[in-house]
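Student: In case you want the letters, here they are:
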Amino acid sequence: DAGVTQSPTHLIKTRGQQVTLRCSPKSGHDTVSWYQQALGQGPQFIFQYYEEEERQRGNFPDRFSGHQFPNYSSELNVNALLLGDSALYLCASSLSETQYFGPGTRLLVL
Amino acid sequence: KQEVTQIPAALSVPEGENLVLNCSFTDSAIYNLQWFRQDPGKGLTSLLLIQSSQREQTSGRLNASLDKSSGRSTLYIAASQPGDSATYLCAVKEDDKIIFGKGTRLHILP
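Going down the list, the sequences are from chains X and R.
Per this note's numbering, the very first residue in the first sequence carries number 1; after that it's consecutive.
Per this note's numbering, the very first residue in the second sequence carries number 1001; after that it's consecutive.
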């Protein structure tokens, strides 16, 4: 089992651009959650997908959107990037209680 | 609004010592509490998960306790080793969201 995988590992964008991050959940997991972790902070919940629908959403603007595919993989899209969007973006998958985290995508916005 | 606080923010101890990391949360209506480890620039590894009905969980040299009524949890690490150096994050689950503290950066001195 490959566990949770994320791509790309690193990404550099400029202000105003758009970015798509990808996540493949652990085998058999049907729920995917996304988190943003700024430097020196704990992860902040962005949203959660289950059965291809957004089930819960944290306090993030509409510039942050997502999608879940029938194979349970997920994408996080961020439009009109701001400098403050620079962070480690973590994906977590779960089937029941425990969430398993991927290694993250580090996004730098210049 | 749930807030999770971890004290201290950073801690350095000599190898071999026992140590305690603290976590507090403001709303006791949680499903569970989880302790994670994060190495620099990496994703999160789950260490221990305590259900709201439980008082403690143990895994090897780690012991986590939960006092839901007072909104507190502790992570006890016995006989610390240099490999224990990492950031330790406490997180509580409510609804379908996980809310993290900012973490404690632990450095074990050889």
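Take the hints with a grain of salt, since some may be wrong.
Unchecked claim - No more than 25 Å apart at the CA atoms, straight line, and that leaves these computed lysine to any residue pairs for SDA-like:
1. Lys26/X / Asp1039/R
2. Lys1042/R / Gly1071/R
3. Lys1001/R / Phe69/X
4. Lys1068/R / Leu39/X
5. Lys1097/R / Phe64/X
6. Lys26/X / Gly84/X
7. Lys1093/R / Ser1059/R
8. Lys1001/R / Pro8/X
9. Lys1001/R / Gly28/X
10. Lys1097/R / Glu75/X
11. Lys1102/R / Phe69/X
12. Lys1068/R / Glu52/X
13. Lys1001/R / Val109/X
14. Lys1097/R / Phe69/X
15. Lys1042/R / Lys1001/R
16. Lys26/X / Gln1081/R
17. Lys1042/R / Val19/X
18. Lys1093/R / His67/X
19. Lys26/X / Ser94/X
20. Lys1042/R / Pro103/X
21. Lys1097/R / Ser73/X
22. Lys1001/R / Lys26/X
23. Lys1001/R / Pro103/X
24. Lys1097/R / Gln56/X
25. Lys1001/R / Val19/X
26. Lys26/X / Gly1041/R
27. Lys1093/R / Val109/X
28. Lys26/X / Glu1003/R
29. Lys1093/R / Val19/X
30. Lys1093/R / Leu95/X
31. Lys1068/R / Ala38/X
32. Lys1093/R / Leu1109/R
33. Lys1097/R / Lys13/X
34. Lys1042/R / Gly40/X
35. Lys1093/R / Glu1003/R
36. Lys1102/R / Glu52/X
37. Lys1097/R / Gln17/X
What the hints assert, rightly or not - Looking from chain R toward chain X, a few residues come up when the C-beta cut is under 7 Å (computed):
38. Lys1042
39. Asp1096
40. Phe1100
These aren't lab readings, by the way, just hints derived from the structure by calculation.
All C-beta atoms in this analysis are idealised placements derived from N, C-alpha and C, irrespective of residue type, glycine included.
Student: Hints first: check each against the structure and report whether it holds.
Tutor: Here's how the hints hold up against the structure:
no.: 1; hint: Lys26/X / Asp1039/R; in the structure: 21 Å, holds
no.: 2; hint: Lys1042/R / Gly1071/R; in the structure: 28 Å, violated
no.: 3; hint: Lys1001/R / Phe69/X; in the structure: 32 Å, violated
no.: 4; hint: Lys1068/R / Leu39/X; in the structure: 29 Å, violated
no.: 5; hint: Lys1097/R / Phe64/X; in the structure: 17 Å, holds
no.: 6; hint: Lys26/X / Gly84/X; in the structure: 30 Å, violated
no.: 7; hint: Lys1093/R / Ser1059/R; in the structure: 20 Å, holds
no.: 8; hint: Lys1001/R / Pro8/X; in the structure: 33 Å, violated
no.: 9; hint: Lys1001/R / Gly28/X; in the structure: 32 Å, violated
no.: 10; hint: Lys1097/R / Glu75/X; in the structure: 18 Å, holds
no.: 11; hint: Lys1102/R / Phe69/X; in the structure: 32 Å, violated
no.: 12; hint: Lys1068/R / Glu52/X; in the structure: 34 Å, violated
no.: 13; hint: Lys1001/R / Val109/X; in the structure: 30 Å, violated
no.: 14; hint: Lys1097/R / Phe69/X; in the structure: 21 Å, holds
no.: 15; hint: Lys1042/R / Lys1001/R; in the structure: 28 Å, violated
no.: 16; hint: Lys26/X / Gln1081/R; in the structure: 30 Å, violated
no.: 17; hint: Lys1042/R / Val19/X; in the structure: 20 Å, holds
no.: 18; hint: Lys1093/R / His67/X; in the structure: 23 Å, holds
no.: 19; hint: Lys26/X / Ser94/X; in the structure: 8 Å, holds
no.: 20; hint: Lys1042/R / Pro103/X; in the structure: 5 Å, holds
no.: 21; hint: Lys1097/R / Ser73/X; in the structure: 19 Å, holds
no.: 22; hint: Lys1001/R / Lys26/X; in the structure: 31 Å, violated
no.: 23; hint: Lys1001/R / Pro103/X; in the structure: 28 Å, violated
no.: 24; hint: Lys1097/R / Gln56/X; in the structure: 7 Å, holds
no.: 25; hint: Lys1001/R / Val19/X; in the structure: 30 Å, violated
no.: 26; hint: Lys26/X / Gly1041/R; in the structure: 21 Å, holds
no.: 27; hint: Lys1093/R / Val109/X; in the structure: 30 Å, violated
no.: 28; hint: Lys26/X / Glu1003/R; in the structure: 29 Å, violated
no.: 29; hint: Lys1093/R / Val19/X; in the structure: 29 Å, violated
no.: 30; hint: Lys1093/R / Leu95/X; in the structure: 15 Å, holds
no.: 31; hint: Lys1068/R / Ala38/X; in the structure: 28 Å, violated
no.: 32; hint: Lys1093/R / Leu1109/R; in the structure: 33 Å, violated
no.: 33; hint: Lys1097/R / Lys13/X; in the structure: 29 Å, violated
no.: 34; hint: Lys1042/R / Gly40/X; in the structure: 13 Å, holds
no.: 35; hint: Lys1093/R / Glu1003/R; in the structure: 11 Å, holds
no.: 36; hint: Lys1102/R / Glu52/X; in the structure: 30 Å, violated
no.: 37; hint: Lys1097/R / Gln17/X; in the structure: 28 Å, violated
no.: 38; hint: Lys1042; in the structure: 6 Å, holds
no.: 39; hint: Asp1096; in the structure: 4 Å, holds
no.: 40; hint: Phe1100; in the structure: 3 Å, holds
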